[in-house]
Structures are given as C-alpha cells and as structure tokens.
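Novice: In case you want the letters, here they are:
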Amino acid sequence: MATETPTLTSVGIDIGTTTTQLIISELTLSTTGLGAVNVEIEDTDIVYRGTIYETPLLDHQTLDVDAIADLVTTEFENAGYTPASIDSGAVIVTGESSYKTNAEELVTRIAADAGEFVVAAAGPELESVLAGTGSGAAAWAREREATILNVDIGGGTTNMCLFAGDSVVETRCLDVGGRLLRFDTSGTITHVSVPAAQLLETAGLSLDVGSRPTEGELHELAALMADVVFETIDGSGRSSTTKALTIGDGEYAARSLDGVCFSGGVGQLIASDTDTETFAYGDFGNFLAAAIRDRLESSPLAYRSPNETIRATVIGAGTQTTSFSGTTVSLDEDVLPLRNLPVVEVSLAGTDCTSLAAEVCRQLEHGLALHETEQLAGLAVALPDVGSLSYARMQTLAQALTQGYVDAGYVDTQLPVVLVPRQNCAKALAQCLRASSSDLSPLIVIDEIAVSDGDYLDVGEPMLSSQTVPVVVKSLVFGGQ
Amino acid sequence: MTSDFESTITGTRYSFDSLTEVLAKANEEKTGDELADIAADSAAERVAAKDALSRVSLATLRENPVIPYDEDEVTRVIQDAVDEDVYGKLREWTVSELREFLLAEETTEREIAEIRPGLTSEMVAAVAKLMSNLDLIQATSKMTVTARCNNTIGGEGTLSFRLQPNDPTDDIDNIRNSIREGLSYGVGDAVIGINPVEDNAEQTKRLLEITKEFIETWEIPTQNCVLSHITTQMEAVENGAPADLLFQSLAGTEAGNESFGIDVELLDEAYAFGEDECTAAGPNFMYFETGQGSELSSDAHAGVDQVTLEARCYGLAKRYDPFIVNTVVGFIGPEYLYDGKQVIRAGLEDVFMGQLTGISMGIDACYTNHIQADQNDIENLAVLLTAAGSNYFISVPMGDDTMLNYQSNSYHDAAALWDIFDVHPAPEFESWLEAMGIVEDGQLTEKAGDLTVFLDEPEEHLRQEGTQ
Amino acid sequence: MTDAESRADGDDETALDRILEASPSRLGVGRSGRRPRTASVLSFRADHARARDAVLTRVSEETIERAGLHKITSRVSDQDEYLARPDLGREISDATVTELREACIHAPDVQLVVCDGLSSTAVDANVGDLLPILIDGLEERGFTVGTPLFVEFGRVDVMDAIGEELEAEIVVNLIGERPGLNTAKSLSAYLVYGPERGKPTAKKSVISNIHPDGLPAIEAGAQIVELVATMHEQQGSGLDLE
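These protein sequence lines are chains A, B and C, in that order. Quick note on full-length UniProt numbering: the first sequence kicks off at 1 and runs consecutively. Quick note on full-length UniProt numbering: the second sequence kicks off at 1 and runs consecutively. Quick note on full-length UniProt numbering: the third sequence kicks off at 1 and runs consecutively.
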C-alpha cells in the first residue's frame, strides 16, 4: 500500500448574484481498500478565504468580465498562489448571474485563467449540491445517517439540497433571494427583478423603482417570500405563487427531515440573529432573514447551525468537484490533461460483434456531427455496462470498438480515444484493444467513473504513480432554461 | 551418567538433557511445538516430562532461564524485576508445591499477591504445564488484577469487552456504525480499539480523532486506541492525535521483538512518552497483544516452547503496568494451534499465566477459517474463561471481523455471559449504560441492540440556536 | 424476557437500511433475548461453511485441465499435514524436480504457478479468466512463458523452489487466500524476480483481493502483465521496485 499522502491544491471561485469570492484549499487524498482501491479526498484544509466582493456588473444584464478577471488575479496574489500551482477546482456562476448574457463566456475565461485543470460550471442543481456540501449539511447527514435539507439563500436564488445519509436525494430551486429588490441608503427602491414584481403583485403592493416602501410593506413582502421558502421546504401543497417562482419541475420527495440548515448570504443573516433592519447591503436580505427566523421559531423543524454560510457554495466548488478514477487505468500519458471532452454513451448489449460495432459507429458519428472537429479535444465514450467481466467478452468488445472507431472515421481525426467503462476493467480492455489493432492511439481507458450523455469530462494528469487520474464530470447549464 | 531431569512414572525411563527440553515436552499437545521439533514424541514422554518438571525447584527455574541472561534482554527484564526477599522464601519450592499452593483452599488473591514478586516467567509457565484445564480455571478464579484508565476493569464480579469496530477499508461511517451497534449491546468498556488497514500516522490520527470525538460526544467512560505500530501511534500523538492507550504487539524473545520492530529501549521511551502525552486519566495506559507461536513464526523461538515464550511476554509486559494485555489465541493458524481443543487449552493457559504474572489479562477468543475450529469452540472458551475470571474479551459484530477475516466473540456474547454468570461491565460503564437507557436493573431494555439509539446527537445538543 | 426483541421496529428504518447496505459487517442483526436471531445465526454458519469448504476441498480436475496446467505436488502428503506443516508446502521432492526438468520449458522469462493455497474455491473461480489474458498479454509483450504449473498443497514460497530449479527470470504465483466470511473466492498473485529458495517476502510483489467483488480476474491479469514488465525493466521485485 502506498504510504505517501498526496495533496491537491484546489481553487473555488463563485460568481453569484450579489457576491464574488475565491477560496483555496489543500485536499489530502487517501486510498482505501484492497484490490479494488478507491481514491478519496480524506481531508480538506481551507488555506485561503478571500475577500467577499460585490459582483461587478456592466449593467443588470451583463457581467463585467474584465473586472471579475482582475478580482481573481488580485485574490491569487493575496493568497500567495499562482494559477500554475493549482491542481484542480471549479469556477461556478450562480444565482441570477447564470442568467446574464455573457455568463458562459465569463466562466470559461476565468476557468482558463485560474489554472490548467480548473473547470467551468453552472446550473442550479449543481449549485445546490455544492452549497449543501460547503455548509457542512452533507457531512452531518452522512455521519449520522440523517436526512437534512440545506437551504442556500443568496441574492437571486434559493437552492435547496436534500441529503439522506451519504446520498443526494434531490435539489429544489426558487427564484427567491435577498437581492430581488435593491434600495439606496434612504430606502428608495432602485431595482425590482422579475420575480420580485410577481411577488409584489401577489401581495397587492404597488411598489416600483422610486417608491419608498413602509416597514410594514417590507415585512409583508418578506413574509410572503418566507411562505414560498417554507412551502418548498415542506415539499407538498404549494401555492400558485410558489409554483411560479420554482425552477424545475417542482416534484419533490416526501421526506421527514431530521434538520434544516440555512447557508448563503441570507443564511448568514439568519444565523447572526441581530435585527439590524437596515439596508446595510442595499437590499432586502435583512427583512427576509427576519421573516425566516420568525417562521423557524414556530416551526417543529430542527435548525442545524451551518459550518459555513456565505462561503458555502465557493467552498463546495473548491473542494468537491474532483473525483478519481479507479486505480487500474491504462493511459498514453503524453496526451493528458484533456479538457471538455463531450461524453457519448454507448450501450453495449448483445454479443454480436458486427451489431456492437455498428452501435459504436453510430454514436461516434453522432458525437462528431455535434461538435466541430477543430475545437474538439476528443470524444469520451462512456460504457455504462460492458457485460460480464470475462476475457472472451473483452476480446469481443475490443474488436467491436476498433471496428466502430474505424467505421465512424474517428481514427482519421487523430483525436485520442477515450473510453470510460463503469466497471473495473480498464487495463483488461486496453490490453485487448492494443492486441486487436494499433489504430486506436493514443488510448486512454479510465474506469469506475459514472458519466452519461451530454456531460463533459476533464481528465487530469496521472497521480499516485499513474494509478489514478483526477476526473471532473461537468454538466453545464446556463440561463436556467 | 544420570540426568537431572528424568522420570519412570510410565514404567519406562525417560531422561531429558535440559530444563528447556523438559519444559517443551511437558506441554500439552500443540502443533507449534511439533513444527519447532521440540514436542514430546509420545503421550508417555509428555507425562514423563511433566513428572520430571514437578520435582524441579523454583531456584533451578530461576537459575536456568530458557535464554541466557547475557543473550536476551527479555530475560534480563524478567530476572531484574524479581524481588529477592520474596524469591528467597520460595526458592526451595518445587513446581508441584507451587501448583498445590495455588489450588489450596486457604490460598486467596492476597496470598498469591504476596508471592508474585518472587516469580519468573519460567516458573509461571512451568506450573501451568502441571495443571489440567479445570485446575487453570480454579486457580485463575482466585486471582483479581485490576487496572485503571478512564474506568476500572478487572474488579470482582466484572467482565469487560473490547469493542472492535474494524472495517476492511477503514470507512469512517462503517466504523462509527459498528461502534454504535456494539455500544447498544453494552460492550466497549475495556477499549474501543481499531485495527487500521494501513499502518501510517495520518490514518492512525484520523481514527483516534473520530473515536475520541464519539466518546466525548456521548460521554462514554472508556478509552480509545488504534492498533498500529507503537512508533506510528507516537507520531500520530505528536501530531495532535488523542490516544488514551498506546498499543504494541510483544514477543517473548529479544529476536522476536526485533521482528516486531521494537526493543526494551523503545518500549521504555513509549512508556515515558505515554505518561506525558496520553489523554487518559490513567495510571495504566499501555495495551499489549501476544499469542502463542508468534516467536516461531518469525523464527525467533530459540528452541523454546510456545507456552514458556508466552509467559515471558507477560513478564516483559508487566514492566509497563499495562491497562490490558490480550492473548490473540486462535489467529495465528493451525500450524501453531491446530484445532478447537488446542485453542481452548492455550486460552486457559494464557489467562492463568497473565494473572499469575500480575497483569490485567484478557483474550481474543478467535479462529481463522483454516483452523479446525468454529464458533462453538470459542463460545465454549468464553464460558470457561468467564468462569475463570478473564478481565475481558474481544467482541465484533456477530463474531465476524470483516477486516482481519477471522471470527471472535459476538457483541451478543457479552450480554449472555453477564446474565449466565451474574457479572457486570466495569462499574462506571454500567452506570453509563443505565443512563443511556440500554440497561435497567441489570436487564436489557428495548433499546439494547438498536444502533440507531446512537445516531442522533445526545438530547441536549439536538436543537442548536444562534451563531456559528 | 420477551422473545424476538428486535430492533427492526425502530423509528429510523431508512437510516438503518442505508447503514446495513454500506457496511460489510454484520450490523443491525437484532437479537432474541441475549442471543442472535435464528436467521442471523444460520447466515453466519452458511458463510463459515463456504469458507471451510474452500479450505478443505481440492481444486477441481476440470479447472486444472481446462487451464492446461501441469500438475505437481509439494512435499505435503495430505490436507492435515498441509495445515500443520507450512515448511513442507514450500518445497518440492527430488522426483518432482526431475519431473520439472524433463517436462517443462527451461529458463523461461516468466514461469506461471497456480497453488490451491488456503482456498480451492478462489482458484476455481478466477483462474479460467485470469490465465488466458495473462498469458496473451505476456506474449504480446514478447516474454517467453514457461509451462504453467498447478501445485497441489502449495504455499507462496514454493515459487522460489520452482523458479530456482527451472531458472526462470520471474515467477508469478496465483494462490488462494485464506477465506473470510465475506468471500471464499479471493486469490492473490505473488511475483518474484530472480527466484531462489529463502527469498524474503519483502522482495516479492503482491496483488491481492482478486475476486468478482474485488479486483476482477481479467483486470488482475492485465495488471500482472504490466507489473511483470516493470519488474523485468527494473530487474527486481517487492522492495527493490521503485
């Protein structure tokens, strides 16, 4: 067994509706098990917690990419790290920011600036999971085999994630946040977002930009938002207002909760328990936090103090986005790392080599047609089930794969062949492929990673004496549509 | 020329060249002695050796250690620890007289305590060889050796258990859940002790931390331990790991200890380190494991039989006033202890010899799947040794240790043995079990056996308010 | 005391289900008074029976024949002696030495040995898939492979005696592991460079836990091929490898 304890330096960057922040952590890896060895992150040490910045905007629809890039550069300097020293991590654009017109351009650029192996990510589901991981809710559920809902309330959105034991049950997302309304220091409204306008209409309040609402009106609006949040926590019997503010299908599992945890900027205000009742942040957060605290007091829900609030998502992004392949892999290492490989799933049912080859060919042709070859680093072919792990089966698959790759014209593209079987068979499959033909080169086979159609895959440089590679599976969803 | 060691008790004259040969041939049948080619060749020769040994004086045993004083530091530790005044009163006794003293009606723990300082490990082993299984049980049942760490074990009327929550991948959650299961059956007062998959300081530290955290959260009056190499544990503790006990495997020869990567100097250093650094209240904080045959397996037996070598382990252990010493009796394999009969015999010998040496002795009554034994054999052994008064047993879920791939006593066995023999866990621990609602008036409650009892936080921590 | 007091009616069943699913240990088994429930006891006994049978039964002739193994025996004469005398399980008789010299390829790059060890079940379950991919993989890399042998009553170190007699550069010994209750099918591969009698264990490399729920046999085979190549390149094994 290896006695070395390798570490990874990982960066997390969260560009949210209200704030932008960066953290750097040192992840200690461990290998566990005999024979079928797992590589896991054993320990997380957050070595740098950056300043919390207001997210720079050019206007309400456009993120200020240059200003954000400058912030990241400054933060790296403050932390004493360079992008070259970063091994992994993620840039995630969250909340309303992911709706901005240039969100995709932004994360892609920042990810490229931040290090060789830093990935761009977006999407409310991922955001919800990362927030619940960063807040400590996930660990709490895992350690106690409990069911806990993490509710991350930021400026523009509320992202809930339901954890039961060590699994993620579901995510629940709302267009509710502390910054749906913005104010100047006198309390005059300077901005009303679309969801806020809906809520005002439901409440029968005729407020708009330029109005100065009374405290009573603000409490009324905050109570309405809290209703939406608590109906979603409850998961059943939602009002039409809640439905209108729900992102996604809103079909939730009925679960009794052992606890609820609030993170995000509003989560911090909930935890701080000091009724400032001011427009300290130029927004509505304090009112919303107070309304939620009121509800909690009369609720049977057990409140769990989060380990992290406003930094929950960025910590999740900086510590939880990398996974590791099985420890028997086969690699032509020279081509690594590989980034942004579109995943093509191939179902290998049946035993007939010709029809298996045809299926491989069909999926590869489809994948190649969707992407421009010049911009493609390669296609990752996911093999969710290779069938029985027998030598004869491996030989059949090797023949079928070789034939499929040749027939689809993939071999002519000179792109690396990347195969991702779910089962532990990477070395065996690679040996059979090399025996079958020299056409499939360079060849990367990594196993025990779950990926599916539509995902993108990054494969890092090998670690632990080439026993494993760090892998990031990305599902990029922009605009929440 | 006549030998000093001979016998005609079976009608044939047997003579033996050395005390070491007599000691070896007087053993009950063990495959380990046969593998070492030192066992009696026949049943008659075995009895002849016992007969010859019965007439040997304690002075002869003292003056002829099985490995010379100059050649072996374990011998030196044992010899130097002898109280010469006490020994002076015993030196003319024969082994036979020592046996009959231990079994005499009027001999109690008090009388035995008076002679202990005058004994060497060779004397302790010799008298065991003259005893039947019931003799061993009878003599052991008189002896009470207590030890104190965060609780007190070995007291009259108590029977403790090590909770052994091993996992084949050191999975933290699985380990925690096994601890929960064990506690719900009332075991864990001897120690919550984990055998780690990998022997490194990081992993040792991590496992010490999670066990300590669990113990503190639930305010359990027990101690934690991770059974990596002693130097690994010291490194972990230097890095801030909380260890109540320090563990090490011992052998009965200097060469055997060398194969374990230890010597007396290192153990002395570890002991001094533990006095300052262990998190337990103490004063006893060392935990040793031994087992017949381990010296032979590392080719370090020096032609000495495995019972005598085992007694020497205890002589060495005593120097460090351990909280617990554990003989892992059926783990090593059929080439040392062939079957259930040999395992049971070795278990009875070891606990007897440990208690006679004056250490807090318990046992891992266990078997591997290539030995001719099964769960019935170790359940038998547990009953016999509860009757004898072993300080504790090892326990694992349903008797199945999925990390070490062997079987030991089940968590269930604890509850059954307490009931059958009307004995109890360590007093502090029993009070805790009552406070947790697992035991009530000595009876198991509905909660007993339900690990989910320990899933939540303890009551007062359940609902937290305020800032973080 | 009531019978069949079980925890199964606890108020936290889903959490318990997850715990039982995740742990290989026998948790949440319940109790009948102070003893385990009947089903728990029987399941334990069934697993122990499988483990015992794996130790006590012989590797099937079919496995040996189908894998094309040449069968020899260590100096051990029966199962009892095998368990009690590991020293004899590491050696081969003079007659066997003569047989090896006459019947086997001399001085191969790689000599493959299969031993029953402590689990015939492990050999039966894994060798059929493992050997062919191993042999093909070695030959594809240009290694000469010796006559594959099956050693009845063999211990790990019998590979040293065989390798020394046949003057093999590398010996691979596929041997049944001592079974646990979780599986009796676990096989280990020991590899040694420059085999000679008395070569210490630390100078041997090992890949363990080869079974359907651990490292699959075919994957182990491909992994052994790579390890052999590394050993050949670095001219060593075990601690001698970087």
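What the hints contain is simulated information worked out from the structure, not anything from laboratory work. It cannot be assumed that every hint is accurate.
Claimed, not checked - Just some of the chain A residues that point at chain C, by a computed CB distance under 10 Å: (1) Arg144; (2) Ala146; (3) Ser167; (4) Ile189; (5) Tyr391; (6) Arg393; (7) Gln395; (8) Gln403; (9) Arg422; (10) Gln431; (11) Cys432; (12) Ala435; (13) Asp447; (14) Ala450.
For each residue, glycine too, the CB sits at the ideal point set by N, CA and C.
Novice: Each hint: holds or not?
Specialist: Here is how each hint holds up against the structure:
1. Arg144: Since the shortest Cβ distance to chain C is 8 Å, the answer is holds.
2. Ala146: Hint holds; Ala146 (chain A) Cβ to chain C Cβ min 7 Å, cut 10 Å.
3. Ser167: holds, 8 Å
4. Ile189: violated, 46 Å
5. Tyr391: holds, 5 Å
6. Arg393: holds, 9 Å
7. Gln395: OK, holds: Gln395 (chain A) within 10 Å of chain C, min 9 Å.
8. Gln403: violated, 20 Å
9. Arg422: violated, 13 Å
10. Gln431: holds, 4 Å
11. Cys432: Status holds, d = 8 Å.
12. Ala435: Holds. Min distance 6 Å.
13. Asp447: Given a least distance of 8 Å, the restraint on Asp447 (chain A) holds.
14. Ala450: Violated. Min distance 17 Å.
When each numbered hint is compared with the structure, violations occur for hints 4, 8, 9, 14.
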